[in-house]
Amino acid sequence: MSAPMIEIRGLGKSFGAHEGLRGVALVVGRSEVVCLIGPSGSGKSTLLRCINFLESYDAGEVRIAGKLIGYEDAPDGTRRRMGARNLREMRREIGMVFQHFNLWPHMSAMRNVAEPLRRVRGLDAAEAATRALAMLTRVGLADKAEAYPSRLSGGQQQRVAIARALAMQPRLMLFDEPTSALDPELVGEVLEVMKSLAAEGMTMLIVTHEMGFAAHVADRIAFIDDGRIVDEGPPRRVFHESAEPRVRQFLQTYHDRNSF
Amino acid sequence: MDFEVLWRYAPSLLSGFGVTVMCWGAGGALGVVLGFVIALIYRLRLPPLRWLLRVFIEVFRGTPFLVQLFLIYAGGPYIGLRLEATTAGILGLGLYSSAYFAEIFRGGFAAVPVGQIEAAMCVGMKPIDVLLRVTLPAALIAAVPPIVNMLIVLSKETVVLSIITVPELMYQMQTMAAETFTAFDAIFAMAVFYWLLVESVSRLGRRLESRVTAFMAEAARQA
Chain A
1 MSAPMIEIRG
11 LGKSFGAHEG
21 LRGVALVVGR
31 SEVVCLIGPS
41 GSGKSTLLRC
51 INFLESYDAG
61 EVRIAGKLIG
71 YEDAPDGTRR
81 RMGARNLREM
91 RREIGMVFQH
101 FNLWPHMSAM
111 RNVAEPLRRV
121 RGLDAAEAAT
131 RALAMLTRVG
141 LADKAEAYPS
151 RLSGGQQQRV
161 AIARALAMQP
171 RLMLFDEPTS
181 ALDPELVGEV
191 LEVMKSLAAE
201 GMTMLIVTHE
211 MGFAAHVADR
221 IAFIDDGRIV
231 DEGPPRRVFH
241 ESAEPRVRQF
251 LQTYHDRNSF
Chain B
1001 MDFEVLWRYA
1011 PSLLSGFGVT
1021 VMCWGAGGAL
1031 GVVLGFVIAL
1041 IYRLRLPPLR
1051 WLLRVFIEVF
1061 RGTPFLVQLF
1071 LIYAGGPYIG
1081 LRLEATTAGI
1091 LGLGLYSSAY
1101 FAEIFRGGFA
1111 AVPVGQIEAA
1121 MCVGMKPIDV
1131 LLRVTLPAAL
1141 IAAVPPIVNM
1151 LIVLSKETVV
1161 LSIITVPELM
1171 YQMQTMAAET
1181 FTAFDAIFAM
1191 AVFYWLLVES
1201 VSRLGRRLES
1211 RVTAFMAEAA
1221 RQA
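Note that the protein sequences, when read in sequence, are chains A and B. Note that the numbering used here has the first sequence beginning at 1, numbered continuously upward. Note that the numbering used here has the second sequence beginning at 1001, numbered continuously upward.
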């Protein structure tokens, strides 16, 4: 049996005296969609950023398809930082989408997608352009290929960012609050793209505040509070039958705020 | 206003204007290049080198340009550096402005949103590609307005070169004023020349800025 796509055990990370993550365990299987929810400052983003080692961790392990990321375990049991080259190779397989898109403002939508293909995958200009256009078409933005990010709406920028990540043909995708910076009417177009990705069998780990989306698309929900996973399970159970008072309280607040 | 005198001295005034533009251009170019190199080395985070560059920047920003120029031109021979007045003037302008340009480029690098660099790391770009494709273009775009501003300031600093007998505009004006006792005419003509120079520089600068503004707005929004 092959290893799960993401396997996290005993993950710990502290920022000075503050403990950001305290013994997190989480497994995401191939083609599984898992949504991380929880209050702000609970460690959701930190957890996500540990998975591609944008954030280093102090304890435990994160394995991608069975391979430890960020560190190398020597036979004598000691652990040292992974070499930069190996880390880059692992990161190529992990797509990441940020809250603030992080497109490169001096490049057109097309070049934002094509540039990593050329620099990292070694495609020539024509091949990169062809694949970039195909990816932009995939997210419904073929007609915006030549537009610079400043000429695009937030929703369009985020779709370009998704196309940029997808073009690298990653084995899994991480989403860090992909719709939190968007106007409400632009959220839908981004969620649609994510839904179709899930339907195609992409492995996805999503930090989100879109409870409706999480309820419909996720195979599992993990609720994080104060650096720990407090509850985890199918959306129906976590959203409606959680025994955890912290989860119920969070969802109640959320429900109150969104009913009118 | 004695236009006849101005007309008579037009050749020397125009040649002075030419020398001014040349010194400004060469000194500014030297300053931009040197400042950029300093900012790049500064980024390497090598403590002794960083400390040295810091001292260089503080000295050249902290002392009057006039003093620096004298030290280079009059003090240079003591360390075997014997320079033509014009060469010393260009070197002085270059060193003086490089301290400011270095700080401008350093600010440009600091203005690149960290998320844009993270995005490049996430797709697995090599550090050299991150620098050349992402950090550098964004840093340069952010640096354009302060660079233009510094170049304008520098164009007016060129008058100081007259002190070490560089035959630039100020020097020619003073010669004319002394020979013809037309102080007011000289000063008036000088104001016109420098205004023309500064105005053309800032026009060029505005065109350059408007070309990068679209990206700038975006960079600011993402920050």
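Calculated directly from the structure, the hints in this document are not laboratory data. A few of these clues could be false.
Derived DEER-like restraints, expressed as beta-carbon distance ranges [what the hints assert, rightly or not]: (1) A:125 with B:1148: 48 to 56 Å; (2) B:1202 with A:254: 47 to 55 Å; (3) A:200 with B:1210: 39 to 47 Å; (4) A:243 with B:1041: 54 to 62 Å.
Result set (EDC-like, lysine to aspartate or glutamate): computed pairs, CA atoms no more than 16 Å apart in a straight line [said to hold, decoys possible]: (5) A:67 with A:93; (6) B:1156 with B:1118; (7) B:1126 with A:89; (8) B:1126 with A:93; (9) A:195 with A:32; (10) A:195 with A:231.
Heads up, the beta-carbon is just placed ideally off N, CA and C, and yes, glycines get one too.
>> Checking each numbered hint in turn, tell me which of them this model violates, lowest number first.
In response: Structure breaks hints 1, 6, 10.
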